[in-house]
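Given chain A, put chain B in place with the hints provided.
Which chain is which? The protein sequence lines are A and B, in order.
In case it helps, our numbering puts the first sequence at residues 1 to 319.
In case it helps, our numbering puts the second sequence at residues 1001 to 1287.
Please note: incorrect hints may appear among the correct ones.
Unchecked claim - Calculated cross-link-like contacts (lysine-lysine; reagent style DSS-like; alpha-carbon spacing at most 30 Å):
| id | chain 1 | residue 1 | chain 2 | residue 2 |
| --- | --- | --- | --- | --- |
| 1 | A | K108 | B | K1089 |
| 2 | A | K109 | B | K1006 |
| 3 | A | K155 | B | K1075 |
| 4 | A | K184 | A | K130 |
| 5 | A | K109 | A | K134 |
| 6 | B | K1075 | A | K134 |
These are calculated hints, taken from the structure and not from any lab test.
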Amino acid sequence: MVVLIEVRNLSKTYGQHKALDCISFSVAAGEIVGFLGPNGAGKTTTMNIITGYIAATEGEVVINGADIVAEPEAAKSNIGYLPDTPPVYGDMRLDEYLDFVADIKNVKKSERPEMLSRIKESVRIEDMSKRLIKNLSRGYRQRVGLAQAMVGNPKVIIMDEPTIGLDPKQIIEMRDVVKKLGKKHTVILSSHIMQEVSAVCDRVMIINKGKIVASDTLEKLSAGLTSGRRMQARIKGGKEQIISAFKDAPIIKSLTADVSREPGTWDVVLSGDENIDIREAVFKCMAKNNLPILLMKSLDMTLEEIFLQITGGSAEEEK
Amino acid sequence: MVSIFKKEIRAYFTQMTGYLFLMFMILLTGIYFALYCVYAQSPQYQAVLSGVTIVFFIMIPTLTMRLFAEEVRHKTDQLLYTSPLSVGKIVIGKFLAATALFLFGLLITGLFPLLLSRYGSLPTGQIMGAFFGFFLLGASFIAVGLFISVLTDNQIISAVATFAVLFVFFMMDFIAISMPATTLASLVFLALIILGVAFVMYNSTKNVFAAAAVALVGFLAAGGIYLYNNLIFDGFIIKTLQWFSLYSRYGYFVNGIMNTSDVVYYVTFALVFIYLTVNVIEKRRWR
Chain A
1 MVVLIEVRNL SKTYGQHKAL DCISFSVAAG EIVGFLGPNG AGKTTTMNII TGYIAATEGE
61 VVINGADIVA EPEAAKSNIG YLPDTPPVYG DMRLDEYLDF VADIKNVKKS ERPEMLSRIK
121 ESVRIEDMSK RLIKNLSRGY RQRVGLAQAM VGNPKVIIMD EPTIGLDPKQ IIEMRDVVKK
181 LGKKHTVILS SHIMQEVSAV CDRVMIINKG KIVASDTLEK LSAGLTSGRR MQARIKGGKE
241 QIISAFKDAP IIKSLTADVS REPGTWDVVL SGDENIDIRE AVFKCMAKNN LPILLMKSLD
301 MTLEEIFLQI TGGSAEEEK
Chain B
1001 MVSIFKKEIR AYFTQMTGYL FLMFMILLTG IYFALYCVYA QSPQYQAVLS GVTIVFFIMI
1061 PTLTMRLFAE EVRHKTDQLL YTSPLSVGKI VIGKFLAATA LFLFGLLITG LFPLLLSRYG
1121 SLPTGQIMGA FFGFFLLGAS FIAVGLFISV LTDNQIISAV ATFAVLFVFF MMDFIAISMP
1181 ATTLASLVFL ALIILGVAFV MYNSTKNVFA AAAVALVGFL AAGGIYLYNN LIFDGFIIKT
1241 LQWFSLYSRY GYFVNGIMNT SDVVYYVTFA LVFIYLTVNV IEKRRWR
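The shape of chain A in the complex, shown without the other chains:
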């Protein structure tokens, strides 16, 4: 595993306000990492420091072996950055703009046409080549911003809220693009929207009040916060009948049945021991008692719940 980005003890203070408080993490080559946090948590500040746009008050950032402060040019040549506002020049045509970006990123003239047309195709802006950027819609501008970050084939692509302001269809398209990017590049993206991060990221870092409060894969984050596996089943039959039927299955550690969303059925929440799949046991048990299962789903915590639990918890600690 090659570490591409190494962030050590990063702090940033704006006057009295501490925007980042001693953040450390590293990102390996090929990872898709999501920064998740409420507004003002320090996501943008972290990204601006990693890309060398602003300086940290303390700490260091090393990108592919080059320190962002000591060797800015070498470090920056490894990064493509899409800030929260796409950095586009309204009075340039799309092709002119991408050519300019290729120019400042030292892309050889001979490689340009092929690279630019490939990028335009992958973010689906080929049809806009001759349009002035100021006449493009928000969604297209966002894609132009992403195209700009991809120019020069940087090892790392950093995106700050890439789907903000897009319509649902565009959001899904953007996610596909990000997933595709993840195959060739290391990607860091930030968001305050849970579904987005859970849809594309290998690893999630939850930032709150300038600190990393959790950093792990989604499954592990979820597992660490729940004890045992829980699932919900909708079963047709009487409540007493269902409860007594489950008494035959010792694998079920607890059950509650107090919701009825469909007439004649009960929604039962079941849980078993950690790392034991209880679904089959539930099926057999119900089949034996002739109680049809209409619906069965796992109740692993959603990222949303994890997020609230973690950020809420740390807020209480501070009080």
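Same frame as chain A, now just chain B:
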């Protein structure tokens, strides 16, 4: 650097600024030319250029106000500062673009003396000198405008502030002669300069001792010079301000005198402001 230069030149001509600047420059020079040369039936074209320098502080801000202010406003500075380009190259590219546009306008106005030369003999040396001095003066002012543009994200503020600063430069000679010439006033003035340098020192290094040391050395040197020969301090303020006057040096060029010291002065002046611009940008990367 070349990429930034090309981008800025293109921006001048896709937005109206480039055309407006050229139009005003040629129009104003044309008016002065008509009045000073054609109606007055005079071959002294350098007088036209001297006249045009007075409207410099209106023309230069239109050229420089957008250079950095616009980038910050549209957040495109994030693209430039996170690209592998060094800040120095970005700043110099922008400076050269503005200067090139100015030079282009100046070359077009070169048609006026050419026109004139068909009808008589011209003081060629003086006119060449005036052109050269005019260019240096313009480039110096562009550097000032560039520096002010990086301090704000608002083009209007940038333009007005540049206008104000250039106006002060224009008035420098008048301001200078109205200053007190007594030794005491000179010493107070010098003390303020030393304190100012110490403050800048502290602001960029955050080191109290270094700043205090600079101030101490400055005061000791000033005191030493005062004890050794206090005549130096007679009219010190006036001498200093006059030395800073960009317009009075321009007068030598118009008279056909090309001093190396004056050329060096203008070039240094521009370089200092370019350096300051780079530093203001780099400062965001400092701790």
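Hints versus structure:
1. K108(A) <-> K1089(B): The given pair, whose Cα atoms are some 19 Å apart, holds under the 30 Å limit.
2. K109(A) <-> K1006(B): 15 Å, holds
3. K155(A) <-> K1075(B): Given that 30 Å is the threshold and the Cα spacing comes to 23 Å, the pair holds.
4. K184(A) <-> K130(A): 28 Å, holds
5. K109(A) <-> K134(A): Cα-Cα ~26 Å, so holds.
6. K1075(B) <-> K134(A): With a Cα-Cα distance of about 14 Å, the restraint between K1075(B) and K134(A) holds, given a limit of 30 Å.
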